[in-house]
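> Listed below are the residues making up each chain.
There are 2 protein chains.
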Amino acid sequence: MLPEVDNGHPIIHRATDYVPPRTWHHWLFGRPLTTADAPHQTIGKFTGLAIFASDALSSTAYATQEILFILAAAGTMAFGYVFPISIVIVILLAIVSISYEQIIHAYPDGGGAYIVARDNMGKLPSLIAGASLLTDYILTVSVSVSAGVAQIVSAYPELIEFRVLISVIAVFGIMLMNLRGVRESGAVFAFPSYFFVAMLYLTLGVGLFRYFSGSLGMVESPPSMDVAISVVAITPFLLLHAFSSGTAALTGIEAISNGIPAFKEPRSRNAGITLIWMAFILGSLFMGISYLTGHIGAVPSETETVISQLARTVMNGRGLMYQLVIWATTVILILAANTAFAGFPRLSAIAAKDGFLPRQMTFRGSRLVYSYGILTLALIASVLIIIFQASVNRLIPLYAIGVFTSFTLSQAGMTHRWWKIGHLKPGQELAERGSTLRFERNWQTKMAANGFGAICTTVVILIFAVTKFLDGAWMVLILIPLLVFLFSLIHRHYRSLANRLSLEVFAGAAPRATRHRVILPLSGVHQGSLEALRYARRLSDDITAVHVSIDPDEAVKVRQKWETWGEGVRLVILDSPYRLFIEPLLEYIEEILTHRQPDETITIVVPQFIPSKAWHNLLHTNTANLLRKELLSRPGIIITDVPYQVP
Amino acid sequence: MLPEVDNGHPIIHRATDYVPPRTWHHWLFGRPLTTADAPHQTIGKFTGLAIFASDALSSTAYATQEILFILAAAGTMAFGYVFPISIVIVILLAIVSISYEQIIHAYPDGGGAYIVARDNMGKLPSLIAGASLLTDYILTVSVSVSAGVAQIVSAYPELIEFRVLISVIAVFGIMLMNLRGVRESGAVFAFPSYFFVAMLYLTLGVGLFRYFSGSLGMVESPPSMDVAISVVAITPFLLLHAFSSGTAALTGIEAISNGIPAFKEPRSRNAGITLIWMAFILGSLFMGISYLTGHIGAVPSETETVISQLARTVMNGRGLMYQLVIWATTVILILAANTAFAGFPRLSAIAAKDGFLPRQMTFRGSRLVYSYGILTLALIASVLIIIFQASVNRLIPLYAIGVFTSFTLSQAGMTHRWWKIGHLKPGQELAERGSTLRFERNWQTKMAANGFGAICTTVVILIFAVTKFLDGAWMVLILIPLLVFLFSLIHRHYRSLANRLSLEVFAGAAPRATRHRVILPLSGVHQGSLEALRYARRLSDDITAVHVSIDPDEAVKVRQKWETWGEGVRLVILDSPYRLFIEPLLEYIEEILTHRQPDETITIVVPQFIPSKAWHNLLHTNTANLLRKELLSRPGIIITDVPYQVP
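Taken in sequence, the protein lines are chains X and F.
Residue numbers for the first sequence, in this note's numbering: 1 to 647.
Residue numbers for the second sequence, in this note's numbering: 1 to 647.
Isolated chain X (complex conformation) (with noise of 0.2 Å):
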């Protein structure tokens, strides 16, 4: 407890013993938090790369078949090209992670392309940029379950038709552990992350030394294609059409970069450290799958995935390893829904305290978790799995733009905070609202390594909207837009807001009202109704108390108690020939606000009957609720409610 502060104003400021008493609560999310507990939340290297990195790992293990699916269109001959987009592929992977790696260093406390356009490039692009990372985290947990789900449906093909409602089971499972908060999630994921890497390389191994050393077949009864293989040439749009749907790859790269408060200190360096790891294996990983299976005549097909084709030929048939590679993919594949998990609710934290999302986005929870974010996302999310029906090559299409969108924004921003950067004087500081711009020597070196890169993905983007327009990616280019919209929308309101209650033009007291004319609404007059009477004569000498009269001969019991009981109140009694209770009262308040004067104030009681069960309330019409709500939005009224509790 704080002195009391010695300026003639009594202000106490009071710690709370308030501890949330124990309920089932606990038990499903953990015990609630307080503020203080936070800092301790963070995470090292190696939590950090099972949980950032889980998303753009397990991309792998739908990447190479969704190039497979476009150039099936050309016939089993165009397989031969996998390997080659795959290839240029990892190197614009590896052009973004150097361009990501120094938005990192620049931006250690949370470097999203929202934040990095924000403070580069003005507002618009900012919310661009915003308005792509959340369409894209949605369909993260969308693809990223459907297409676990897959893997089990691979193994088990007679759960096909349960594919859905596993995949939204699987989503509220990842909710709840999010909602539990980052740590415990963190030991949760990190095995799995690891035992995927792990059974992937095996895999990959294997495979190599079985495909150099000649004893590698092809898959066995192959899965039957889905797509209907027509003569089409291959064109160069054809190659490009593969190589965007490829590139989803490449999504989940810059979740570490919005995340790096969550890593312990120096959290910079470990959070570029664990970038640097998952752009390795990423590239490894996806690399070796491509080339492999162009050599083992996989086939792109919505019942067997690519993987497990794989897996079963490189492991000699569905045995015990079959069965591990499949459940690390399918675990991981669940799990890097996570990575969303971790993001959505942090950007949306972000944006809502910018004044573009509802403020109670900005909420912590019992947890110190954004409640509000991580259900948002998991209901989307599975609205989504429900409407494309779980199939990862429906979604496909409308998945990537987002990301590379974003990653050309906040690329550009960089270049100009490079450029930024190198017009200070040496030792100068500018401080942002994100950074604090300092001068650097290499400054043109590292301008021209994220204008490059801002270059290579607003290509991508550009052959991924022609290529993949019709396929859906059109929905995307409508909705990023509507969302900026409704960014707008929200800020605009806020900004009223503010302007309206601010102080900085407030004229001061207004003058006192000298007079106060109190209404007292009345259904009948019982001892609910005269402790309310009681209450209003304390406010003023000037009460009218308001009968409605639906029913003539209970005007005449009201009239007849009120003579006893009303203490020489005024009683005006409405008659309601339509039987409606609220317009008459409302009429006659209107017809007293328009003959008002203006330094008179104007109070309803309204006697509030209170059910001591809540069944009760069934058995009333709650109409001081409904006056309330109607009254409430005329200026000058203050309505006040004297409850009377029944036992």
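Calculated directly from the structure, the hints in this document are not laboratory data.
Treat the numbers as computed from the prediction; the structure is a model and nothing was measured.
Treat the hints loosely; a few may be bogus.
Here are some, though not all, of the chain X residues that point toward chain F, as calculated from beta-carbon distances under 7 Å [claimed, not checked]:
(1) 499
(2) 500
(3) 582
(4) 583
(5) 640
Using N, Cα and C, we set each Cβ at its ideal position, and we do this for glycine too.
Given the coordinates of chain X, assemble chain F onto it according to the supplied hints.
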């Protein structure tokens, strides 16, 4: 406007010129009616028969068939018992009708089983009667609509898969008509009712003529019987079982006695004549159908109704006449549900007025109908249709128990009433709640008639309960006591409420409170909260502003601004380490409550933000509402909303 009363209490009685504005409601339901419009909404015998008799008459469309369904278990040769069983049922009809004729004259204000049992047998029997009738009204809607749709399906077998949907749509159509009000519904129902009677008499006339002239054949290609025909002997149990299914024909004859107030004056006479007409038409149609059905070899089936088989045999195939019979039957069956829509809301309003159902049931909507009752009925009946998949054969075991229970109770009540009348002195009058008793000379005969009726219907209930117990009657035998229990619970609540509020035990005004404490919760210091402060200062000099601090930076701002704008009022800042807002505030208020003086009033003044657009509410956590919800249940706290509107 009445003159002001001259006793020191200026009580002003004002007529309101408020007329509800035109909306789409008027187009759907008709223009609102004033209470003064009510007496015009009565009906003559001709319309009365159409409205109140459609239920009873339409049951001829399925009663014969339901007898056949039971007899089928013993093979087709058992079908010979249909006509004898029907004769017994018609005799029962005559007995019950005579009883009801006496009730109608004894209770000109409406003499449903509920009222007769209440005035003559006490509370429990009246509640059982009420529960029975309400249950049966609901089943009337489900059975009639399902049977009507079964006729359509007989004529157009391809519609069989839509029968549940069609039935539910029909229920909501009837609901809409009833929300418009009784007279206009009468106009809609008069033509189909009479058309049905005419078509059925025509069919029976042609059928009987052809039968006696020897030109009536057997049903061509009869539908397959769905009943598994085992070699069951024709036992008394089987015949009683068939009889109890056939008694469904009697459902609905009580409707007129409930609806007497809807008739034009002299209403008892008009209602009584209508009842006799109805009983005669019902009896003759039912006997005719049962007689012919036995001679053409019609079989019970879920795919084609007996009426359809009869009509196409008599009318030589599915020509125009067949179509007219089928459609007449369909329409009257669907409209028969209307009887329940007239009876259910009226009965529930009576029970609600006595405090056994929620008071809202007594409210009449803009068209002077009991809207809540109509909506409730439509909803429950639709749910039953969906559960039983619109199968009459599956619904029928639940049906008729309720009606026969109410028959028994009302006739037993009447028997007691005659006994009371017989013991009055000539010229003496005894006013009860539902009617006035005067001595009558033939009271012994009349008592015998009602007593005999009561015994007959009791026997039917026992037969019904035994033979149909396992078919589903057990559900009703559980449901009715449950409903009676619910009525008692509701009644107890209203009674304890009346006691709590009664001014009989009111000791007069409590000692005037001398101290007034005001608590002002603040989320921030802005124009809205300062308006609330200004109002609080009008109420008292003892004000404590309270800020719950979730964010320390915010607390510093609040403190600084309060020093400038707080007018020297005490501010308490409560730390909230768990980021909760409501709980620490409640704890603080609780603390103040425990230390309060007996003469102290505590008012919480809540600044409430009111956005101009409804969607803006999504952008704010409405802590004012949460706080009100928590505080209203604590005695002795007054809550005042000071709204601040934002453009």
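> Determine for every hint whether it applies to the structure shown.
Consistency of the hints with the structure:
{"no.": "1", "hint": "499", "result": "violated, 9 Å"}
{"no.": "2", "hint": "500", "result": "holds, 5 Å"}
{"no.": "3", "hint": "582", "result": "violated, 11 Å"}
{"no.": "4", "hint": "583", "result": "holds, 6 Å"}
{"no.": "5", "hint": "640", "result": "holds, 4 Å"}
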